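Assemble the complex: chain F is given as a structure, and chain G must be docked to it using the hints.
Chain by chain, the residues:
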Amino acid sequence: MTVTKEESGQEGADDKGDMPGADDGYVPSPRRLERERYKTARARRATTIAALSTLVTGAVLYFVVVSAPGWQVTKETFFSGQYAREAFPKVLEGLWLNVRLLLVCGAAVIVLGMLIAIARTLRGPVFFPLRVLAAAYTDFFRGLPLIINLIIVVLGVPALRLQGVTVDPVLLGGTALTLTYSAYVAEVFRAGIESVHPSQRAAARSLGLSNRQALRYVVLPQAVRHQVPPLLNDLVSLQKDTGLVSIGGAIDAVRAADIIEGRSLNFTPYIVAGLLFVALTIPMTRFTDWVTARMDRRRAQGGTI
Amino acid sequence: MYTARSALRRAASAATVALLATAVGCAPQPSKTASGKASASGNQSCAKGELGTQTSDRLTIATDEPAYEPWFKDDKPANGKGFESAVAYAVAKQLGYAKGDVVWQSIPFNKAFAPGEKTFDFDINQVSISAERKKAVDFSSGYYDVRQAVIALKGSKAAKATSIADLKGLKLGAQVGTTSLDYISDVVKPTQEAAAYAKNDQAKAALKNGQVDAIVTDLPTAFYITAAEVTNARIVGQFENQGGTPEQFGLVLDKGSALTSCVTGAVDALRKDGTLAKIEKQWLSDAVDAPVLK
Numbered sequence: 005m006t007v008t009k010e011e012s013g014q015e016g017a018d019d020k021g022d023m024p025g026a027d028d029g030y031v032p033s034p035r036r037l038e039r040e041r042y043k044t045a046r047a048r049r050a051t052t053i054a055a056l057s058t059l060v061t062g063a064v065l066y067f068v069v070v071s072a073p074g075w076q077v078t079k080e081t082f083f084s085g086q087y088a089r090e091a092f093p094k095v096l097e098g099l100w101l102n103v104r105l106l107l108v109c110g111a112a113v114i115v116l117g118m119l120i121a122i123a124r125t126l127r128g129p130v131f132f133p134l135r136v137l138a139a140a141y142t143d144f145f146r147g148l149p150l151i152i153n154l155i156i157v158v159l160g161v162p163a164l165r166l167q168g169v170t171v172d173p174v175l176l177g178g179t180a181l182t183l184t185y186s187a188y189v190a191e192v193f194r195a196g197i198e199s200v201h202p203s204q205r206a207a208a209r210s211l212g213l214s215n216r217q218a219l220r221y222v223v224l225p226q227a228v229r230h231q232v233p234p235l236l237n238d239l240v241s242l243q244k245d246t247g248l249v250s251i252g253g254a255i256d257a258v259r260a261a262d263i264i265e266g267r268s269l270n271f272t273p274y275i276v277a278g279l280l281f282v283a284l285t286i287p288m289t290r291f292t293d294w295v296t297a298r299m300d301r302r303r304a305q306g307g308t309i
Numbered sequence: 003m004y005t006a007r008s009a010l011r012r013a014a015s016a017a018t019v020a021l022l023a024t025a026v027g028c029a030p031q032p033s034k035t036a037s038g039k040a041s042a043s044g045n046q047s048c049a050k051g052e053l054g055t056q057t058s059d060r061l062t063i064a065t066d067e068p069a070y071e072p073w074f075k076d077d078k079p080a081n082g083k084g085f086e087s088a089v090a091y092a093v094a095k096q097l098g099y100a101k102g103d104v105v106w107q108s109i110p111f112n113k114a115f116a117p118g119e120k121t122f123d124f125d126i127n128q129v130s131i132s133a134e135r136k137k138a139v140d141f142s143s144g145y146y147d148v149r150q151a152v153i154a155l156k157g158s159k160a161a162k163a164t165s166i167a168d169l170k171g172l173k174l175g176a177q178v179g180t181t182s183l184d185y186i187s188d189v190v191k192p193t194q195e196a197a198a199y200a201k202n203d204q205a206k207a208a209l210k211n212g213q214v215d216a217i218v219t220d221l222p223t224a225f226y227i228t229a230a231e232v233t234n235a236r237i238v239g240q241f242e243n244q245g246g247t248p249e250q251f252g253l254v255l256d257k258g259s260a261l262t263s264c265v266t267g268a269v270d271a272l273r274k275d276g277t278l279a280k281i282e283k284q285w286l287s288d289a290v291d292a293p294v295l296k
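From first to last, the protein sequence lines stand for chains F and G.
The first sequence runs 5 to 309 under our numbering.
The second sequence runs 3 to 296 under our numbering.
FYI, nobody ran anything at the bench for these hints, they're computed from the structure.
Wrong hints could be hidden among the right ones.
List time: in silico DSBU-like cross-link candidates among lysine-lysine, alpha-carbon distance up to 30 Å [as the list claims (entries may be wrong)]:
no. : chain 1 : residue 1 : chain 2 : residue 2
1   : F       : Lys94     : G       : Lys101
2   : G       : Lys170    : G       : Lys75
3   : F       : Lys94     : G       : Lys170
4   : G       : Lys136    : F       : Lys94
5   : G       : Lys113    : F       : Lys94
6   : G       : Lys137    : F       : Lys79
7   : G       : Lys296    : F       : Lys79
8   : G       : Lys156    : G       : Lys137
9   : F       : Lys79     : G       : Lys159
10  : F       : Lys244    : G       : Lys113
11  : G       : Lys83     : F       : Lys79
Given the structure is predicted, the values throughout are model-derived calculations rather than measurements.
So here's chain F without its partners, still in its complex pose (with noise of 0.2 Å):
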């Protein structure tokens, strides 16, 4: 599409003569001209079509949607102002929970995952229990499903009336998170090691970097910038997930939607505490295109490296 922009803009140039190249006294070919006007009209067209086709389709999904039977009950019972505006400020609140814990859990699920993956992914002899151990750890936590980790950390631990250990149920929803988490991330750092090329330690090895320094200058470099995308996949995951900490009673954005969905059986608020994830879940995503675009551009420019 951009292309097509790109080239309509140059014939509109044409026409008014003020190309940057204009004085240079080059005079497009009539079959340049010919052939940019076919392509400004095909880009028309395709604009056109494209207009009208998502037009159509919304339209037919508006008609399908609100000449529902059930549509007035619906939007009473999903889209109700005055629920809306009740829920907004508790499920914010609530929201405020996941988003700490994002950022807590977050950071120690990267670092943690990191740790674990090198773990794995040491060479020698002697690092094999450490391996043993990585590989059993990611082998467990990534099975485990995360609601029954959670219900185990949450619930079970404090049964063991421990001292000094704490029973509130953020902090240990936090860890069952993170556990859970950080077994995921490994793996991903881990596909990320690996699919460096080895001739890419030969190179450092021969130059005289020892392992770590290999490790820390080559490999892994390359490897983080691969799996960028995936990380903040998981990342993203994260943060939803974050809410199942409620299994303690902790109140988050959903449960928060809950408490007023119970008394009143109204489910707006759910409907704003998923506009509200959604909202959280765009800049991320954002992010996450901004930083691989701008790894991709250093790399472009032979960078780094």
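Same frame as chain F, now just chain G:
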């Protein structure tokens, strides 16, 4: 190549429009019209054959799974044991349905209130009647006057509370979506945010773990918890009714259901002839009384 692709595209878009159009066409018509409700208040017959139940000659009753004691027994609503199971069968009998004509359905608490086609005739699940909830569903008249009670571990600071003021500084918990939680936020107004659990089971675990100082449930449930489940806990006391009107459990029906008036009539008749009191005595006799917290 171009024409082929264009034809394909045209076909695809035509198919999309056609599909959406059929979707409109196929949308089910509202099965229950307003007339159902209007006639319900009038001279509608409540005879067995004339009730518009989900399956004719059958009465479909819903409750959540698991079904908790003392409301049901052994998680088997169909055994007729437990207060709500007995009430359900009494209502069925009053409407002319024999025990064999009753079909039980397990419907999660929340799903019973979601708009859309209901698959049951009524739901019995310790649902408190409120004006706000009546906007979403129909209720029968109340079949049980319920009080909310506070439970704490024996010997704890919370167990010594004698007034609502004594509860203010404590960490309280209750199941979400219950009036128990409303009593915490509206009556106690604690200084610490109350914990809201998806199920009473988690609230009980938190109480045992010391994650909360006290939990609030309805009185019969509180008696069952302290007698059978968390035996080192005791009932601290019960709340007074808010605003003078007793809180009541009602049967939940679809909004505008044609059955509402008949079911209400059946419940009223059972209350009048003493059947409800008899069932209450049989299944909830343990839940006699508890000190009132003022």
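Of all the hints numbered above, which does this structure not satisfy? Sort the numbers upward. 1, 2, 7, 8, 9 and 11
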